[in-house]
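Undergrad: Same order as they appear, the protein sequences are chains Y and P. Residue 115 is where the first sequence ends in the working numbering, and the numbering goes up by one at each step. Residue 399 is where the second sequence ends in the working numbering, and the numbering goes up by one at each step.
The hints are simulated quantities; they were obtained by calculation from the structure and are not laboratory data. Please read all numbers here as calculations on a predicted model, not as lab measurements. Where a beta carbon is used, it is the ideal one built from N, C-alpha and C, also for glycine. Among the hints, erroneous ones may be present.
[Stated by the list, open to error] A few chain P residues that face chain Y, going by a derived Cβ cut-off under 8 Å, partial list only:
1. 159
2. 160
3. 162
4. 223
5. 248
6. 285
7. 291
8. 348
9. 360
[Stated by the list, open to error] So, partial list: chain Y residues that the calculated Cβ filter (under 7 Å) puts toward chain P:
10. 26
11. 43
12. 44
13. 55
14. 64
15. 68
16. 69
17. 75
18. 78
19. 83
20. 84
21. 87
22. 90
23. 98
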Amino acid sequence: MSDTGWAALWPYGVVLVGAAATYIWRALGVALSGRIRADSPVLDLFGCIAYALLAGLVVRMIVLPVGPLQATGMGSRLAAVALGIAAFFIFRRNLLVGVATGAVTLAALAFWPPP
Amino acid sequence: MAPPRRHRIDIGGQERQGWRRVIRRGLPPPVKPTHSDPKTSAQCYPVDHGSPYRAALAGMREACGAPALVLGASYLGFGSLVRETGLSLGVGLFSTISTWALPGQIALVELYALGASVVAIFIAVALTNARMMPMTITLMPLLRVPGRPHWRNYLAAHLVAVTGWAVAMIRCPDMPPAQRMPFFVGFAGTILGAALAGTVAGFLLSGVVPVAVSLGLVFVNPMYFMLLFLGDLRHRGRVLALVCGAVAGPLFHLVTPTWDLLLTGVIGGVLAFAIDRQLRRRHV
Numbered sequence: 001m002s003d004t005g006w007a008a009l010w011p012y013g014v015v016l017v018g019a020a021a022t023y024i025w026r027a028l029g030v031a032l033s034g035r036i037r038a039d040s041p042v043l044d045l046f047g048c049i050a051y052a053l054l055a056g057l058v059v060r061m062i063v064l065p066v067g068p069l070q071a072t073g074m075g076s077r078l079a080a081v082a083l084g085i086a087a088f089f090i091f092r093r094n095l096l097v098g099v100a101t102g103a104v105t106l107a108a109l110a111f112w113p114p115p
Numbered sequence: 116m117a118p119p120r121r122h123r124i125d126i127g128g129q130e131r132q133g134w135r136r137v138i139r140r141g142l143p144p145p146v147k148p149t150h151s152d153p154k155t156s157a158q159c160y161p162v163d164h165g166s167p168y169r170a171a172l173a174g175m176r177e178a179c180g181a182p183a184l185v186l187g188a189s190y191l192g193f194g195s196l197v198r199e200t201g202l203s204l205g206v207g208l209f210s211t212i213s214t215w216a217l218p219g220q221i222a223l224v225e226l227y228a229l230g231a232s233v234v235a236i237f238i239a240v241a242l243t244n245a246r247m248m249p250m251t252i253t254l255m256p257l258l259r260v261p262g263r264p265h266w267r268n269y270l271a272a273h274l275v276a277v278t279g280w281a282v283a284m285i286r287c288p289d290m291p292p293a294q295r296m297p298f299f300v301g302f303a304g305t306i307l308g309a310a311l312a313g314t315v316a317g318f319l320l321s322g323v324v325p326v327a328v329s330l331g332l333v334f335v336n337p338m339y340f341m342l343l344f345l346g347d348l349r350h351r352g353r354v355l356a357l358v359c360g361a362v363a364g365p366l367f368h369l370v371t372p373t374w375d376l377l378l379t380g381v382i383g384g385v386l387a388f389a390i391d392r393q394l395r396r397r398h399v
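Excised from the complex, chain Y in its bound form:
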């Protein structure tokens, strides 16, 4: 009885291990940032690393998706991106409109696949 009780807790333990693996980086970031002056070029360097990493991630998600988006065609994804960007700028840089336009376009192209 107590065995199954502990077994039910096991996934929580695994999740906690993952949480620790993530928080270590954040704590390290706080500790290191305390040693860096706010106007230091090192800060710019880390900013560049973070932005390059995120841009790479976003473009990779659109161009070479892993997971469910693999089921969509490259043309559909690029069309959705183009329409989303257009809507974003037409509606005065409205994020909600841009994001919704891109997502709805992709959903529509997935529902009625282009020939």
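Since chain Y is already given, all that's left is putting chain P on it; use the hints.
TA: Coordinates of chain P only, in the frame set by chain Y:
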């Protein structure tokens, strides 16, 4: 009576112009806090919410909209993944609260389903979420107030994730230092709530939502970050980093799907930094 009327029209014209600019540009104009108010000898910041409390409310308000939608949509997928793996809703919610970084959470659940060892899971999640370090390093000097206890920074660091970081990097430099941390915590706390709601909804709706709709929801995430970055191209270094990363990301993914993100960040970021330094040295 003509001069005052003209005067009034002038003011109206100015106001209209400012209003139009805000509507057209969406984001506040880039103003550097350089001048100081002679009466209070305090620096003037383009965006002043009045008090830390009101800054926190402003953060919550800003989160309600596209950011909450994005987090909700992203975590819908996670919720349904948790269900399909056979884990309980409690584990999913605990993961969202304790880890608060989606790619690592997904990696963990998938590896757990495969029966991977705890050490392998630790390494995989650490690798996936390593981006938290450069993000925290760049955000903390903006948020922290000298003299405040450090544990607050360590506590707030737990809320650092891509969305809150990206928005805080754009918004916080325009605010007085004492209002930045409350703004960030208000914003990040609200989108964490949206993520929890998304996890629950995804768990409950797993298998019910049509494939096309779920594909659209998955697409919300890359769409949002692309537009967020496109909407704020004020800093040359950042723009260079975005371009380098955008080119390097897919290339490195083709070479090594395991290390692609870290390589993209380090090589693309260092390259962008070097180009920016060179341009600055030539006073471009």
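Undergrad: What hints, given by number in increasing order, does this structure fail?
TA: 1, 2, 3, 6, 7, 8, 17, 18, 19, 21, 22
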